[in-house]
Amino acid sequence: MNVLLALAWRSLRNRPVTSLLTVAAVALSITLLLGVEQARRGMRESFTGTIKGTDLVVGARGGTLQLLLGAVFGIGAPTGSVPYEVYETWTKHPAIKWTVPLAIGDSYRGFRVLGTTPALFRHWRYRSAGTLSFAAGHVIATPRDVVLGSEVAATLGLRMGDTVTVGHGLNAVAGLGDHEAHPFTVVGILQQTSTPLDRALFVTLDGIEAMHEAGAAADGGMPGAMPGAAPAAMPGAAPTVMPGPAPPSMPVAAAPAATPGAAPPEYIPPTNIFQDQPRALSAFLVGTRTRYETLRLQREINQYKAEPLTAVIPGVTLGELWRTLGTVEGGLRLVGALTIIVGLIGMLVALYSSLEARRREMAVLRAVGARPSMIVSLLVLESGMLTLLGCALGVALTMGGFALAQGTIEARTGVHIAVQVPGALEWTYIGIVLAAGVLVGLVPAWRAYRSSLADGLSPRL
Amino acid sequence: MTAAGRPGAAIAIDGLQFSYGSGPRVLDIPSLVIDRGSRVFLHGPSGCGKTTLLGLLAGVLHATNGSVRVLDRDMNAMSGGQRDAFRAEHIGYVFQQFNLIPYLSAYDNIALPCRLDAGRRARLGAVSIDAAIRDVAAQLDITALLHHSATALSVGQQQRVAAARALLASPELVICDEPTSSLDTDRRDAFLALLARSVAQANATLLFVSHDKSLGARFDVQLSLPSLNRATRLDAA
Ligand SMILES: Nc1ncnc2c1ncn2[C@@H]1O[C@H](COP(=O)(O)OP(=O)(O)O)[C@@H](O)[C@H]1O
Ligand SMILES: [Mg+2]
Numbered sequence: 001m002n003v004l005l006a007l008a009w010r011s012l013r014n015r016p017v018t019s020l021l022t023v024a025a026v027a028l029s030i031t032l033l034l035g036v037e038q039a040r041r042g043m044r045e046s047f048t049g050t051i052k053g054t055d056l057v058v059g060a061r062g063g064t065l066q067l068l069l070g071a072v073f074g075i076g077a078p079t080g081s082v083p084y085e086v087y088e089t090w091t092k093h094p095a096i097k098w099t100v101p102l103a104i105g106d107s108y109r110g111f112r113v114l115g116t117t118p119a120l121f122r123h124w125r126y127r128s129a130g131t132l133s134f135a136a137g138h139v140i141a142t143p144r145d146v147v148l149g150s151e152v153a154a155t156l157g158l159r160m161g162d163t164v165t166v167g168h169g170l171n172a173v174a175g176l177g178d179h180e181a182h183p184f185t186v187v188g189i190l191q192q193t194s195t196p197l198d199r200a201l202f203v204t205l206d207g208i209e210a211m212h213e214a215g216a217a218a219d220g221g222m223p224g225a226m227p228g229a230a231p232a233a234m235p236g237a238a239p240t241v242m243p244g245p246a247p248p249s250m251p252v253a254a255a256p257a258a259t260p261g262a263a264p265p266e267y268i269p270p271t272n273i274f275q276d277q278p279r280a281l282s283a284f285l286v287g288t289r290t291r292y293e294t295l296r297l298q299r300e301i302n303q304y305k306a307e308p309l310t311a312v313i314p315g316v317t318l319g320e321l322w323r324t325l326g327t328v329e330g331g332l333r334l335v336g337a338l339t340i341i342v343g344l345i346g347m348l349v350a351l352y353s354s355l356e357a358r359r360r361e362m363a364v365l366r367a368v369g370a371r372p373s374m375i376v377s378l379l380v381l382e383s384g385m386l387t388l389l390g391c392a393l394g395v396a397l398t399m400g401g402f403a404l405a406q407g408t409i410e411a412r413t414g415v416h417i418a419v420q421v422p423g424a425l426e427w428t429y430i431g432i433v434l435a436a437g438v439l440v441g442l443v444p445a446w447r448a449y450r451s452s453l454a455d456g457l458s459p460r461l
Numbered sequence: 462m463t464a465a466g467r468p469g470a471a472i473a474i475d476g477l478q479f480s481y482g483s484g485p486r487v488l489d490i491p492s493l494v495i496d497r498g499s500r501v502f503l504h505g506p507s508g509c510g511k512t513t514l515l516g517l518l519a520g521v522l523h524a525t526n527g528s529v530r531v532l533d534r535d536m537n538a539m540s541g542g543q544r545d546a547f548r549a550e551h552i553g554y555v556f557q558q559f560n561l562i563p564y565l566s567a568y569d570n571i572a573l574p575c576r577l578d579a580g581r582r583a584r585l586g587a588v589s590i591d592a593a594i595r596d597v598a599a600q601l602d603i604t605a606l607l608h609h610s611a612t613a614l615s616v617g618q619q620q621r622v623a624a625a626r627a628l629l630a631s632p633e634l635v636i637c638d639e640p641t642s643s644l645d646t647d648r649r650d651a652f653l654a655l656l657a658r659s660v661a662q663a664n665a666t667l668l669f670v671s672h673d674k675s676l677g678a679r680f681d682v683q684l685s686l687p688s689l690n691r692a693t694r695l696d697a698a
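Those protein sequences? They're chains A and B, same order as listed. Letter by letter, the first sequence follows residues 1 to 461 of the working numbering. Letter by letter, the second sequence follows residues 462 to 698 of the working numbering.
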């Protein structure tokens, strides 16, 4: 067997061009197949891992996916705003153990600013690492405090004690009317989490309010002059759901002419909720006392008469997202399977067409004592080796590719895709491809077997 | 006295008939006996069935009728696998040309029979394959070529490497199918001299086939296939 392995290997090396092309074809198709799988798994793990421990996300009545993506992942806009009194009422509900309010809508140099409470640092769980931990400093306490996500600090070169002046709404993008009057001081920097929190700044709700009051004063107390929500400029957001207490004075059409089409990959603050409603939230996170109560609480919140609210269970809503994406993934998987078939057919053609030239070689092998079964094994080993090499290269390409693209993907989408060794499903794919490669090898092997029996020691060329 | 009644013969053929599939009869040999240790020259024109006969002796082809005994073994009674193992262990075979696996070195080509077959390897006893290869390479004057790629060798060198492979581990029977027809006269004479010496040293029976009658004088026995083979005579008639 070792002899045959060595023979097969040398034989392949003797035909480097066809061998390499065959390996490349198999490798690329494996890369495609595994890449889809890795991206799928990585994306799911990234999303699921971002929000652990939160039982419900509550926001204004609207699309569940929009609420979750907007409030937790910073993708698109949250569904609207929730009056602060409504939030306060719910915090007293006996089934609720803790809440974390979120006021979204401001940005600082492309990073989103979250108005929240110190409770966020206590209750936010991500992946297996658990709670957020600080690389430096402590949680926000006063209206002047700001805590930075790791990437914010790294990208902007901010350090403890630095001053941050936050812009509001689209003004930040347009570079107009910053809230000069209410600067924040960096009191804490978070450790890296590889979640969207790395790309956020955290201030207190009072801080947000103080900032807006100062901003309004600086703008001459003319709220109508400030361009409000500009859904047309928001990539990926569903601007249709803007229900609730949006005041008629919001000049939706006043999207600034300075930015159309610019579509920077930065976080664009979605709504201007504080302009006319000083005490309002975008959403709040809820932890229930017992998991059993989550469903009942969700129903209760959704049926709340005093204010139209939507409560979502993160896992369930993400499940809906995966089901939607499932069709796309299925399509990509089919493409991957087809390229595998094309790759293997390429190998079949290469091996089969080499046989005519190798009849002499087979006769020599027979003369020195090779049994016909060895001829079969030799060709099957050759196809097996080509497939194996292709698979190995494909796995390496997939993992290397993700390692290289990881940073770009995270910067573009905020989704952190971990480089993973192939899982059970991937190994199953690889196993199937290897088996198919060996089966494909049986075709030329069978022909070589037949012709070496017919040829004996004198192949008729 | 029939051929089968000659125990100890290297080759004993009795009433052999052979055709390729349903094709015309290529061989019809009533009797042929070759003694052990003899050096036999078998000649005949191209297409008269020489290679076919060698295929039958080597156990690659199967006789349609009659008996073929090689080294006292009945080839017809053996299964395909047994014939392959028998050939690997007891027979060295040299082709007219293209004897070598192109992607192996001369050394690895020579080593092939011993690596592919445990029986052939066992013939070496305590001697290592490497020592045996160096020994046979020295006899055939190819020591310097051992680590050359097969494709880098001249035709004459290739034939010597092939002979070394056939002689490795001293098989009882060495079959050469026109090994010199692609060599020029000088190379041919040198090759035949080396072959004769090595076969003698190995105590092997040599069956050497050629269409070139002029080589016959160097051998103990000269045979003409057309005169042994009734199929040719019928054809000619
Ligand atoms: N594999 C084969 N299939 C069918 N016919 C063959 C095959 N090999 C040889 N023959 C035929 O058998 C006859 C003898 O061929 P061969 O033994 O090669 O002759 P030689 O070696 O004396 O030149 C020729 O007529 C040839 O055409
Ligand atoms: Mg011939």
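What the hints contain is simulated information worked out from the structure, not anything from laboratory work. Careful, some of the hints might be misleading.
Unchecked claim - Away from chain B, derived, C-beta distances all over 12 Å, residues of chain A:
{"no.": "1", "residue": "14"}
{"no.": "2", "residue": "15"}
{"no.": "3", "residue": "44"}
{"no.": "4", "residue": "287"}
{"no.": "5", "residue": "361"}
{"no.": "6", "residue": "370"}
{"no.": "7", "residue": "373"}
To be verified - Going by beta-carbon spacing under 10 Å, a handful of chain B positions derived as facing chain A:
{"no.": "8", "residue": "482"}
{"no.": "9", "residue": "485"}
{"no.": "10", "residue": "521"}
{"no.": "11", "residue": "524"}
{"no.": "12", "residue": "527"}
{"no.": "13", "residue": "532"}
{"no.": "14", "residue": "541"}
{"no.": "15", "residue": "547"}
{"no.": "16", "residue": "550"}
{"no.": "17", "residue": "562"}
{"no.": "18", "residue": "578"}
{"no.": "19", "residue": "679"}
{"no.": "20", "residue": "680"}
{"no.": "21", "residue": "682"}
For glycine and all other residues, C-beta sits at the position ideal for the given N, C-alpha and C.
For the hint on residue 521(B), just tell me whether its beta-carbon gets within less than 10 Å of chain A. Holds: closest Cβ of chain A sits about 4 Å from residue 521(B), inside 10 Å.
Next item in the hint list is residue 679(B). Is there a CB on chain A closer than 10 Å to its CB? 24 Å, violated
Closest CB of chain B to the CB of residue 373(A) still more than 12 Å away: Its Cβ does come within 12 Å of chain B, the nearest being 8 Å, so this is violated.
Status of the hint placing residue 485(B) at chain A (closest C-beta pair under 10 Å): 16 Å, violated
Per the CB criterion, is residue 482(B) less than 10 Å away from chain A? 9 Å, holds
Residue hint residue 682(B), partner chain A, criterion CB-CB below 10 Å: 23 Å, violated
Hint validation: residue 541(B) versus chain A, beta carbon distance must be below 10 Å. Holds or violated? 7 Å, holds
Closer than 10 Å between Cβ atoms is the bar; does residue 562(B) clear it against chain A? Give me holds or violated. 6 Å, holds
Identify whether the interface hint at residue 527(B) stands, where standing means a beta carbon of chain A within less than 10 Å of its own. 18 Å, violated
Using Cβ atoms and 12 Å as the threshold, tell me whether residue 370(A) really stays out of contact range of chain B. Since the minimum Cβ distance to chain B is about 6 Å, residue 370(A) lies within 12 Å and the statement is violated.
Answer holds if the nearest beta-carbon of chain A is closer than 10 Å to that of residue 547(B); otherwise answer violated. Holds: closest Cβ of chain A sits about 9 Å from residue 547(B), inside 10 Å.
Check the non-interface label on residue 44(A): least C-beta distance to chain B beyond 12 Å or not. Check passes; 47 Å lies beyond 12 Å.
Against the hints set out earlier in the document, violations occur for numbers 1, 2, 5, 6, 7, 9, 11, 12, 13, 19, 20 and 21.
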